[in-house]
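Protein chains: 2
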Amino acid sequence: MSDRLTMALPKGRLLKKVQDHFGRYGIIFPDEDDRKLVIEDTSGRFTFFLVKNSDLPVYVSHGIAGLGICGEDVLTESQTDLLKLAPLPFGSTRMCLAARKDTPPPAGSGPLTIATKFPHFTRTYYHKLGVAVQVIKLAGSVELAPVLGLAPYIVDLVETGSTLKANNLYVVQELARIRVYLVANPAYYKLHYKEIEEFLEMLDIETTEPSP
Amino acid sequence: MSDRLTMALPKGRLLKKVQDHFGRYGIIFPDEDDRKLVIEDTSGRFTFFLVKNSDLPVYVSHGIAGLGICGEDVLTESQTDLLKLAPLPFGSTRMCLAARKDTPPPAGSGPLTIATKFPHFTRTYYHKLGVAVQVIKLAGSVELAPVLGLAPYIVDLVETGSTLKANNLYVVQELARIRVYLVANPAYYKLHYKEIEEFLEMLDIETTEPSP
Numbered sequence: 001m002s003d004r005l006t007m008a009l010p011k012g013r014l015l016k017k018v019q020d021h022f023g024r025y026g027i028i029f030p031d032e033d034d035r036k037l038v039i040e041d042t043s044g045r046f047t048f049f050l051v052k053n054s055d056l057p058v059y060v061s062h063g064i065a066g067l068g069i070c071g072e073d074v075l076t077e078s079q080t081d082l083l084k085l086a087p088l089p090f091g092s093t094r095m096c097l098a099a100r101k102d103t104p105p106p107a108g109s110g111p112l113t114i115a116t117k118f119p120h121f122t123r124t125y126y127h128k129l130g131v132a133v134q135v136i137k138l139a140g141s142v143e144l145a146p147v148l149g150l151a152p153y154i155v156d157l158v159e160t161g162s163t164l165k166a167n168n169l170y171v172v173q174e175l176a177r178i179r180v181y182l183v184a185n186p187a188y189y190k191l192h193y194k195e196i197e198e199f200l201e202m203l204d205i206e207t208t209e210p211s212p
Numbered sequence: 001m002s003d004r005l006t007m008a009l010p011k012g013r014l015l016k017k018v019q020d021h022f023g024r025y026g027i028i029f030p031d032e033d034d035r036k037l038v039i040e041d042t043s044g045r046f047t048f049f050l051v052k053n054s055d056l057p058v059y060v061s062h063g064i065a066g067l068g069i070c071g072e073d074v075l076t077e078s079q080t081d082l083l084k085l086a087p088l089p090f091g092s093t094r095m096c097l098a099a100r101k102d103t104p105p106p107a108g109s110g111p112l113t114i115a116t117k118f119p120h121f122t123r124t125y126y127h128k129l130g131v132a133v134q135v136i137k138l139a140g141s142v143e144l145a146p147v148l149g150l151a152p153y154i155v156d157l158v159e160t161g162s163t164l165k166a167n168n169l170y171v172v173q174e175l176a177r178i179r180v181y182l183v184a185n186p187a188y189y190k191l192h193y194k195e196i197e198e199f200l201e202m203l204d205i206e207t208t209e210p211s212p
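If you read the sequences in order, they're chains A and B.
Position 163, counted from 1, in the first sequence is what the numbering used here calls 163; the numbers after and before it change by one each time, with no gaps.
Position 98, counted from 1, in the second sequence is what the numbering used here calls 98; the numbers after and before it change by one each time, with no gaps.
Isolated chain A (complex conformation):
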């Protein structure tokens, strides 16, 4: 029987960063290939599953993979109870409120109409501030909402800001820094505590999770 740890990795923007980072610690795996969903690292310690970013918490919470690498944005929206073992030193980004250049920053206690792919984050953030929000959930191209008149404000991840610029939008306010986490299925963490701790030590990271 193989004792490889199972870990779900997100396809797309983060995968290359994970590959580079893990490579420094001798965990080498091949480049993304759409046909290969299950890949093994050359050290014999890991089996990786490549899944869609937003589906990653589903695979980890159902125990298909014991570990996963996932942005806080996706974790928050998934509403799953995964353990956040430790933040990783790459891939962090900003969750921002943005608007058209002719729209002033919001004033007072709302109600604000906001289009976003992150309704849970947005509601929680503004509720804590006591600001009423009407959230319109979109699946993509949120920057079109102010352009087409669906909502004056959007909440979205901003990296370079070039998408905002192209649509004549500006960052009204940075709401949160979104980090990338190593997460675990709670039952899997208990069963594989020793191997996971060794892995964390190897990566020079400390978890805030108590030992089970």
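Any given hint could be a false lead.
For identical chains, the list gives no copy identity; a pair is met inside one copy or between any two copies.
Keeping only pairs whose Cα atoms sit at most 27 angstroms apart, straight-line, the calculated DSS-like set for lysine-lysine is [unchecked claim]:
1) LYS117 x LYS11
2) LYS117 x LYS52
3) LYS17 x LYS101
4) LYS84 x LYS165
5) LYS36 x LYS101
FYI, nobody ran anything at the bench for these hints, they're computed from the structure.
Based on these hints, arrange chain B on the given structure of chain A.
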């Protein structure tokens, strides 16, 4: 003031089909260009908004576009109250139950575990049959769920079947034929009834909606 009708069109697979079909009736608009979200047809009758498939009902239900072209799959999941004016003679596809080749068809009254991008359709379909289902919602690449062991069955749109084949899956059963509809915002339909009727007559289609 322009009296153009406003219509949301889905980016992607359907857009070319809409363009070809409308072109036969003299409604000509330029090819998709990611930078142009608002396009006008050369006859002066329409303003089109290009939006993401799954966001289309949001734009029509909020009245940003009065009309839209949308698959029944997206309409069902959106849970919006749009008027389905008429089915269109292109783009129809099949919603199917699929599984790995070594998984037999489900027998009895469940419970079935099904991964899908279409949780609302799936629950409604099986509830009507009195079959208990546990639905796992995924955002993409549903065909991986049986491969990785997340769920033995999936409910998904099947066109050529090549994705299923590549993952060693088969169609257990066709559940529904999914058609593409011309939809309308109910208030917009009342306000623009005459122009919309003329448009439908031009396309040789009859709506089942009563005149307001």
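So, going through the hints one by one against the coordinates:
1. LYS117 x LYS11: Intra 18 angstroms, inter 18 angstroms, cutoff 27 angstroms: intra and inter.
2. LYS117 x LYS52: Both. Shortest intra-copy (15 angstroms) and inter-copy (13 angstroms) distances satisfy the 27 angstroms Cα cut-off.
3. LYS17 x LYS101: neither (33 angstroms within a copy, 36 angstroms between copies)
4. LYS84 x LYS165: Neither way: LYS84 and LYS165 sit 34 angstroms apart in one copy and 37 angstroms across, limit 27 angstroms.
5. LYS36 x LYS101: Answer is between: at 19 angstroms across copies they meet the 27 angstroms cutoff, but 44 angstroms inside does not.
Consistency with the previously given hints fails for numbers 3, 4, ordered from lowest to highest.
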